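Enquirer: Using the sequences and the hints given, assemble the complete structure.
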Amino acid sequence: ETGVTQSPTHLIKTRGQQVTLRCSSQSGHNTVSWYQQALGQGPQFIFQYYREEENGRGNFPPRFSGLQFPNYSSELNVNALELDDSALYLCASSPAGHYSYEQYFGPGTRLTVT
Amino acid sequence: GQQLNQSPQSMFIQEGEDVSMNCTSSSIFNTWLWYKQEPGEGPVLLIALYKAGELTSNGRLTAQFGITRKDSFLNISASIPSDVGIYFCAVNTGNQFYFGTGTSLTVIP
Numbered sequence: 001e002t003g004v005t006q007s008p009t010h011l012i013k014t015r016g017q018q019v020t021l022r023c024s025s026q027s028g029h030n031t032v033s034w035y036q037q038a039l040g041q042g043p044q045f046i047f048q049y050y051r052e053e054e055n056g057r058g059n060f061p062p063r064f065s066g067l068q069f070p071n072y073s074s075e076l077n078v079n080a081l082e083l084d085d086s087a088l089y090l091c092a093s094s095p096a097g098h099y100s101y102e103q104y105f106g107p108g109t110r111l112t113v114t
Numbered sequence: 001g002q003q004l005n006q007s008p009q010s011m012f013i014q015e016g017e018d019v020s021m022n023c024t025s026s027s028i029f030n031t032w033l034w035y036k037q038e039p040g041e042g043p044v045l046l047i048a049l050y051k052a053g054e055l056t057s058n059g060r061l062t063a064q065f066g067i068t069r070k071d072s073f074l075n076i077s078a079s080i081p082s083d084v085g086i087y088f089c090a091v092n093t094g095n096q097f098y099f100g101t102g103t104s105l106t107v108i109p
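Protein sequence lines correspond, in order, to chains A and B. Just so we're aligned, residue 1 is where the first sequence starts under this note's numbering, counting upward by one. Just so we're aligned, residue 1 is where the second sequence starts under this note's numbering, counting upward by one.
Check the hints yourself; a few may be wrong.
Unchecked claim - Computed, partial: chain A to chain B, Cβ under 10 Å:
id : residue
1  : PHE47
2  : PRO61
3  : PRO62
As the list claims (entries may be wrong) - In silico contact screen, one side only, chain A against chain B (beta carbon under 7 Å); selected entries:
id : residue
4  : ALA38
5  : PHE45
6  : GLY56
7  : SER73
8  : GLY106
9  : PRO107
Said to hold, decoys possible - Far from chain B by the CB rule (all over 12 Å, computed), these chain A residues:
id : residue
10 : THR14
11 : VAL19
12 : ASN79
13 : LEU88
Don't read these hints as lab results, they were simulated from the structure. Remember, it's a predicted structure, so these values are computed and weren't measured experimentally. The C-beta atom is built at its ideal place from N, Cα and C for all residues, glycine as well.
Expert: Structural data, given as structure tokens:
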């Protein structure tokens, strides 16, 4: 069984640029969530995708957007990057049904904005 | 957003000792989850709790869903060096997920 994978591992961008991060969900999981984790803090929920539609969103501005594809993989897009966007971005997948709250995380993408 | 307060913030213990940590909130939740995160990695799910008062074990780890549904506890028995990491509680409300502030555990051999 393949776990959650994310790409790239590390990324350096300049303020004002746009970035796309990618996530492949664990086999059999149809829901994907994205989190931002600043250094020394817990993960902050950005949004969740189910059946290719946004299914819940945290307190993040519209310049954070996402996509989910028919194979349940997902992208996180961030426009107009700001210095405070520097963080570890985590993707988590979960199965449908009773265990849908149990999220399984990938290793994350470390984004640095200069 | 929801505030989940974890205590203690950090712990330094001797190998073999037992560990207790907790997570509290001012709101009621129907699901409590505990995760462990090691440096450079994503959080790993340890235990999921679905019912108030529920006590669930996973090896040396035991977690309890508080009877008030506003708190949860995680205990680790006979700690070993590989228990080192940051432990997070997490809850779900509607389609939003919240993580606690974390408890950093250091095990001294």
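Enquirer: Quick one: which hint numbers does this structure break? Sort them smallest to largest.
Expert: 2, 3, 4, 7 and 13
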